[in-house]
Every structure is written in structure tokens, then in C-alpha cells.
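Visitor: Residues per chain are reported as follows:
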Amino acid sequence: MSENLQGIPEPMAKAIAFIWKEAELLDRKDYAAWQDLWIDDGFYVVPIDPETTDFAATLNYAYDNAHMRKIRIERLTSGYAMSAVDAATTVRTVSRFVPVHLSAELVEITSAQVLVGYKRQQHTLFVGNLTHRIRFTPQGPKLEQKVIRLVNSMDSLNALGFLL
Amino acid sequence: MNAPLRFHPRTPDSSYADLVQDAVVDPSLYTDPAIFEAEMDKIFYKTWVWVGHESEIRNPGDFKTAQIGRQPVIVVRDKGGKINVLENRCRHRGATVCEKHKGNATGFTCPYHSWSYGLDGKLRGLPYPEGYEDVVEKADLPLQSLRVGAYGGMIFASFKQDIEPLEDFLGHARHWIDLFMKQGAGFPIKVQGEHKFSFKGNWKIQLENTTDGYHFPVVHKTFLSSVDAETSEMLSFMTDDQSITRSLGNGHSVMIMVPEHVDLDVDDGSEQLQERFSHIIDELSKTMPPEQVRRIVRSLHGAGFNLNLFPNVAMSMSFFRVLHPVSVSETQIRHVALGMDGGPEIANRERLRIHEHFQGPFGFGSPDDAEAWERVQAGSNAGRNVPILVNRGLNREWVDDNGDKVSHSTDETGMREAYAQWKKMMEQ
Numbered sequence: 007m008s009e010n011l012q013g014i015p016e017p018m019a020k021a022i023a024f025i026w027k028e029a030e031l032l033d034r035k036d037y038a039a040w041q042d043l044w045i046d047d048g049f050y051v052v053p054i055d056p057e058t059t060d061f062a063a064t065l066n067y068a069y070d071n072a073h074m075r076k077i078r079i080e081r082l083t084s085g086y087a088m089s090a091v092d093a094a095t096t097v098r099t100v101s102r103f104v105p106v107h108l109s110a111e112l113v114e115i116t117s118a119q120v121l122v123g124y125k126r127q128q129h130t131l132f133v134g135n136l137t138h139r140i141r142f143t144p145q146g147p148k149l150e151q152k153v154i155r156l157v158n159s160m161d162s163l164n165a166l167g168f169l170l
Numbered sequence: 007m008n009a010p011l012r013f014h015p016r017t018p019d020s021s022y023a024d025l026v027q028d029a030v031v032d033p034s035l036y037t038d039p040a041i042f043e044a045e046m047d048k049i050f051y052k053t054w055v056w057v058g059h060e061s062e063i064r065n066p067g068d069f070k071t072a073q074i075g076r077q078p079v080i081v082v083r084d085k086g087g088k089i090n091v092l093e094n095r096c097r098h099r100g101a102t103v104c105e106k107h108k109g110n111a112t113g114f115t116c117p118y119h120s121w122s123y124g125l126d127g128k129l130r131g132l133p134y135p136e137g138y139e140d141v142v143e144k145a146d147l148p149l150q151s152l153r154v155g156a157y158g159g160m161i162f163a164s165f166k167q168d169i170e171p172l173e174d175f176l177g178h179a180r181h182w183i184d185l186f187m188k189q190g191a192g193f194p195i196k197v198q199g200e201h202k203f204s205f206k207g208n209w210k211i212q213l214e215n216t217t218d219g220y221h222f223p224v225v226h227k228t229f230l231s232s233v234d235a236e237t238s239e240m241l242s243f244m245t246d247d248q249s250i251t252r253s254l255g256n257g258h259s260v261m262i263m264v265p266e267h268v269d270l271d272v273d274d275g276s277e278q279l280q281e282r283f284s285h286i287i288d289e290l291s292k293t294m295p296p297e298q299v300r301r302i303v304r305s306l307h308g309a310g311f312n313l314n315l316f317p318n319v320a321m322s323m324s325f326f327r328v329l330h331p332v333s334v335s336e337t338q339i340r341h342v343a344l345g346m347d348g349g350p351e352i353a354n355r356e357r358l359r360i361h362e363h364f365q366g367p368f369g370f371g372s373p374d375d376a377e378a379w380e381r382v383q384a385g386s387n388a389g390r391n392v393p394i395l396v397n398r399g400l401n402r403e404w405v406d407d408n409g410d411k412v413s414h415s416t417d418e419t420g421m422r423e424a425y426a427q428w429k430k431m432m433e434q
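Protein chains in written order, with the working numbering: chain A, 7 to 170; chain B, 7 to 434.
These are computed hints drawn from the structure, not numbers from a lab.
Worth double-checking, as some hints may not be accurate.
Said to hold, decoys possible - Straight-line alpha carbon distances no greater than 25 Å define the calculated SDA-like cross-link-like pairs of lysine to any residue that follow:
hint, chain 1, residue 1, chain 2, residue 2
1, B, Lys206, A, Gly85
2, A, Lys35, B, Phe364
3, A, Lys76, B, Lys188
4, A, Lys125, B, Gly389
5, B, Lys108, A, Arg98
6, B, Lys108, A, Thr59
7, B, Lys196, A, Met160
8, B, Lys292, A, Thr59
9, B, Lys227, A, Glu80
10, B, Lys206, A, Arg126
11, B, Lys166, B, Gly100
12, B, Lys106, A, Leu131
13, B, Lys206, A, Lys20
14, A, Lys20, A, Met88
15, B, Lys227, A, Thr95
16, B, Lys196, A, Asp60
17, A, Lys148, A, Thr116
18, B, Lys196, A, Pro56
19, B, Lys206, A, Lys148
20, A, Lys76, B, Lys206
21, A, Lys125, B, Arg340
22, B, Lys106, A, Asn135
23, B, Lys206, A, Gly134
24, B, Lys188, B, Gly100
25, A, Lys76, B, Glu356
26, A, Lys125, B, Val332
27, B, Lys227, A, Ala72
28, B, Lys106, A, Arg126
29, A, Lys125, B, Ala378
30, A, Lys76, B, Gly389
31, B, Lys227, A, Asn135
32, B, Lys196, A, Lys148
33, B, Lys206, A, Gln127
34, A, Lys76, B, Asn354
35, A, Lys125, B, Ile286
36, B, Lys206, A, Thr130
Claimed, not checked - Not the full set, but computed from the structure, chain A residues with beta-carbon under 10 Å of chain B:
hint, residue
37, Val52
38, Glu80
39, Leu82
40, Asp92
Beta carbons: idealized from backbone N, C-alpha and C, even for Gly.
Sequences and hints are given; from them, build the entire structure.
Guide: Laid out in C-alpha cells, this is it:
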């Protein structure tokens, strides 16, 4: 089966397939498999400031290197974090892909994510723009950076027991 | 022999003040919309409410918007450097004159009919004034000003113009504000950003929580297991006799979790600096003497206590916790990150990472707190005649020479202090 979608360059098609696979893992809360998608020095970022690109110098919701991702996943899967034990069921749609950088080694791609969480008879929306930086390695495509810019990042959010 | 639990369930004749009894509280305090409305009038519009920190409005024209109860206000520094807190409401037809979270402005103009106001609230101009000749005087229609007070950089405002001085209201808490600010390690404290999140529960559930040492190892088990052994040990205060809670009067209280960090200027040299900060120690040591490096690194986790100020702000170890009641069953929380103004960037960044680790909707701590609070809100609808207990530690509470009630940090002395103030204000 070809990895090409009609009219879409091959690295971008591969990246889209990877992003959809990632979304499915996160909705299934298969965090162990999600962790394997990353290269070691990658960063998972949920910024507050909609303009900032200097994430280290600003306060974020999450600014996770490999260590923080590891302990975050340990927390979410430990069975002792009540917000994770009772986490919302999620369904996310990722689309409106726009390439920022395309090459055989590295793809950076922006997209829109509409995530619906369901918990205690209530649906909650988490809507944001994503930027994935994906490096094609001998072990396959790996995440080098993922930035989730929630449209309401400057306002009050509901507490999360899952990953965006 | 155990003392029997005394509780008189609410009747149609009960006053609001009757609902806070001897270390037990009627559950309708969390669930009755009429009580919430009365709290707005009798507490939030009558007392000093925290609205900001001076570092957030450093220069003339700097402003931030805030809420006191349901009422939107603007906190702004005028050209003369004075801090004004203005009702965010045009005097014409009531529209807000500012919708930004923060910024710098020369004045505020209503978007509806372009009435414009100065930084001091004065009405400067209105278009097509001929329709107002002999009808209104501009001098009579400024943005309404609140009383403003500041202590230690903390800005408070009140709708009650004849309220007691802020210094009197803070009372014994002022000493603890002074101690809290020592985490600047010689630099002034500055705001470095904030997390905002909401939970479906009454504001008093959060007010209680900042003086609730009892929940920490239970709710925050996964946070404690995610940090290094030294940090975990630092926060193990459950059986530490030096870890106490003090009532401070007027609803305020302080809970000490890390006794050796109560006064960060006091250092007997015995404390080993945490291994996790070794990269900061190495970097700072290139340009700073060892004493200053030690002073800064010992302050990275903040002060060793939570100071709970009634009704809406806590100075909680390394951050401010600000609560905003939205409705009887919804509350917004802000966790304001702090840093050293002019201090070393590497240390300020470490403080941001520490803040992100625990706080906010994505932190390792706050989501579990929010889950517990929402469960309290849901559960307190059951058992209408069953009280909420805030009686832990009554058996070991004692009164200090200055009148503060003192007990262990896992006891509910601070909650009893807050509810005593609630009772006092609600019966006025």
C-alpha cells in the first residue's frame, strides 16, 4: 500500500499518518506506546502565552522533557492520581494540516485539534492549534516537539487528567 | 470518653450565622444559592479583597483587570504612580471599558459611545456633548473608585469606603507576609505568570484546602512519588511536631509545612542544598559568593508555609493562590508564579519549572485537588442534616500568648478561623 495521499508530498503524508496514530494512542490512553513515539531530547509543550516561542523563559501549562514525560506518565498510570483514575473519556479530531517545513529528514506541520472530553454527564471542549515537529529516523518517525496552543489558554481551564 | 458530636441541622428559622456551629458546618454553605448571594454582599463587597501584586503594574499606565465577586474592576497605576482600583463599568450605559487581561494605556474608552476616562477614573470626554448641556456634569461621572490598600506589594481593594485600615485587617498576618517575601533572597518579588483553572464547587472548599495539611500525602501521593527524595522528605510534615497551624485573627491563618524555611534569613548551615539544584549552584557560583548562592537556592521552593488570607488569597509557599467565586457551585482559581525581580534568570526559570510541576490544570497536584473538591461539592448534596466536620485537632489546640490558636498543621484550626470570620461577617 502506498503511503502517498493524492497530491500530498510523501513526507507530509507520512507525518499525517503519524499524527493520526498519535491521536488514537492518546484517546486510548496508551501512554506507554505514546512515550515510544518520542526522541529523547524532544519537548511536549502546552504554552499559556499565545505568542511565545521561548517556552523555557515563560510559564507553561506543561513543558515536558523526557524526564517530565516519564514521570507524568507514571503519575497518570499509577492508579493513585484520582484525576487520572477518573479521567474524562476523550475523542479528538486532528485535521487542517499545513506544512511549515518538509524534507526527507524532518517535517514540521501545523494542524487543528478539536478534542471532546466526557466526564460526569458533561462534554468539555479542548480546542487548539498543534505544531508537530517529526524527525524521520532509522527507527521510523519520531516526535521532536509537539506544541499545543489552546484557543483559551489565557482563560480558565478545567483540570485535566489526560494528555492533549 | 469521646465528646458527642453536637450539630443542630438547619431549620426555616436558622440565620446564616447559625449554620456555622462549634467546629461543624452546615452543608448548605456549599450548595444554597441564597447563601452565595448573601456572601457576595456581606463578605466580598464588604471586606478587603486581593486584586494584584505591585509588580504586575510597575509603570504609569500599566493595568490589569480583576473581579471582586461578580464585579469587574481595573487595577491601574496612574501618571503620578498612585494605584487606583476602578469599577470596570461605563457611567453611561454600563458597558465594560476594558476587556484586556493586562496592558498599558493612557486611559479607558467605552466602545459603545466613546465616553473616555483617565487613569484616575475621571470622565475626560464624551462625543457630541450638546445633548448633555445642563443635563450632566462630567465631574459627577467618574469610573467609581474603590478603597485601595497595599502591604508588602500585595494590593487589596474594598467597595466599603469606610472599611478599617488594611494594616488592621491583616493584623498578625503582616508578620507572615514579611516572612513570605524573604524568598526573594534580597531581590523584590515579581509575578512570573499564572495558571487559571475552574472547578465545579463552592469557593469555601478551596479556602479550606490551603490550610488542609491532612490531605497532602493522600491526594498528592503521585506528586510526592514524582519528585526527588529530598523534596519529598522536605514535605513530610505529617508527624513533625514543629509543623503547626496558627489562627491569626480576622479569618487568616498560617500552616507551617517546612519549619526550617519559615524565616529564610535564618540558616544554621546544617541544611544540605538539594542535589536537584546542583546545575544552578554551579552556575551561580561563577559570579556570586557562596552565602548568596545558598540564600537563593534555599528559597527556590518558597517560604515554608501557607498563609491563608480571608477571603480570597493565599500566599502558598512559592506562589499566590487566588480564588474567585463564580456561582454557588463554581470557582475559578489562579496560581500566580513568583520570581526574583532582577534575580538570576537560571533560578527564576527553575521556579517556573517547579510551579509547572505541581500547579495548574495540567500540573501533578492541582488536578487531583480539583477532583477532590468536585467530589466534596457532589457529595455534600447528600445528607442535608449531616454536618461538614472541621473539628480535627480540637483535642490538642492551645492558645499562644498573643491570642493565636495553635495546633498541628494537619489540624483544622485554620478552617475554624476562616469560618469564625464568615460567621461574624454573615451575621452583620
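Visitor: Please go over all the hints and tell whether each is borne out by the structure.
Guide: These are the hints, each one checked on the structure:
no., hint, verdict
1, B:Lys206 - A:Gly85, "holds, 23 Å"
2, A:Lys35 - B:Phe364, "holds, 21 Å"
3, A:Lys76 - B:Lys188, "violated, 34 Å"
4, A:Lys125 - B:Gly389, "holds, 24 Å"
5, B:Lys108 - A:Arg98, "violated, 32 Å"
6, B:Lys108 - A:Thr59, "holds, 20 Å"
7, B:Lys196 - A:Met160, "holds, 19 Å"
8, B:Lys292 - A:Thr59, "violated, 29 Å"
9, B:Lys227 - A:Glu80, "holds, 12 Å"
10, B:Lys206 - A:Arg126, "holds, 11 Å"
11, B:Lys166 - B:Gly100, "holds, 21 Å"
12, B:Lys106 - A:Leu131, "holds, 23 Å"
13, B:Lys206 - A:Lys20, "violated, 42 Å"
14, A:Lys20 - A:Met88, "violated, 37 Å"
15, B:Lys227 - A:Thr95, "holds, 23 Å"
16, B:Lys196 - A:Asp60, "holds, 19 Å"
17, A:Lys148 - A:Thr116, "holds, 16 Å"
18, B:Lys196 - A:Pro56, "holds, 21 Å"
19, B:Lys206 - A:Lys148, "violated, 38 Å"
20, A:Lys76 - B:Lys206, "violated, 30 Å"
21, A:Lys125 - B:Arg340, "holds, 23 Å"
22, B:Lys106 - A:Asn135, "holds, 22 Å"
23, B:Lys206 - A:Gly134, "holds, 23 Å"
24, B:Lys188 - B:Gly100, "violated, 42 Å"
25, A:Lys76 - B:Glu356, "holds, 19 Å"
26, A:Lys125 - B:Val332, "holds, 21 Å"
27, B:Lys227 - A:Ala72, "holds, 21 Å"
28, B:Lys106 - A:Arg126, "violated, 33 Å"
29, A:Lys125 - B:Ala378, "holds, 15 Å"
30, A:Lys76 - B:Gly389, "violated, 42 Å"
31, B:Lys227 - A:Asn135, "violated, 33 Å"
32, B:Lys196 - A:Lys148, "violated, 39 Å"
33, B:Lys206 - A:Gln127, "holds, 13 Å"
34, A:Lys76 - B:Asn354, "holds, 24 Å"
35, A:Lys125 - B:Ile286, "violated, 42 Å"
36, B:Lys206 - A:Thr130, "holds, 13 Å"
37, Val52, "holds, 6 Å"
38, Glu80, "holds, 7 Å"
39, Leu82, "holds, 8 Å"
40, Asp92, "holds, 6 Å"
Violated hints, in rising order: 3, 5, 8, 13, 14, 19, 20, 24, 28, 30, 31, 32 and 35; the structure is consistent with all others.
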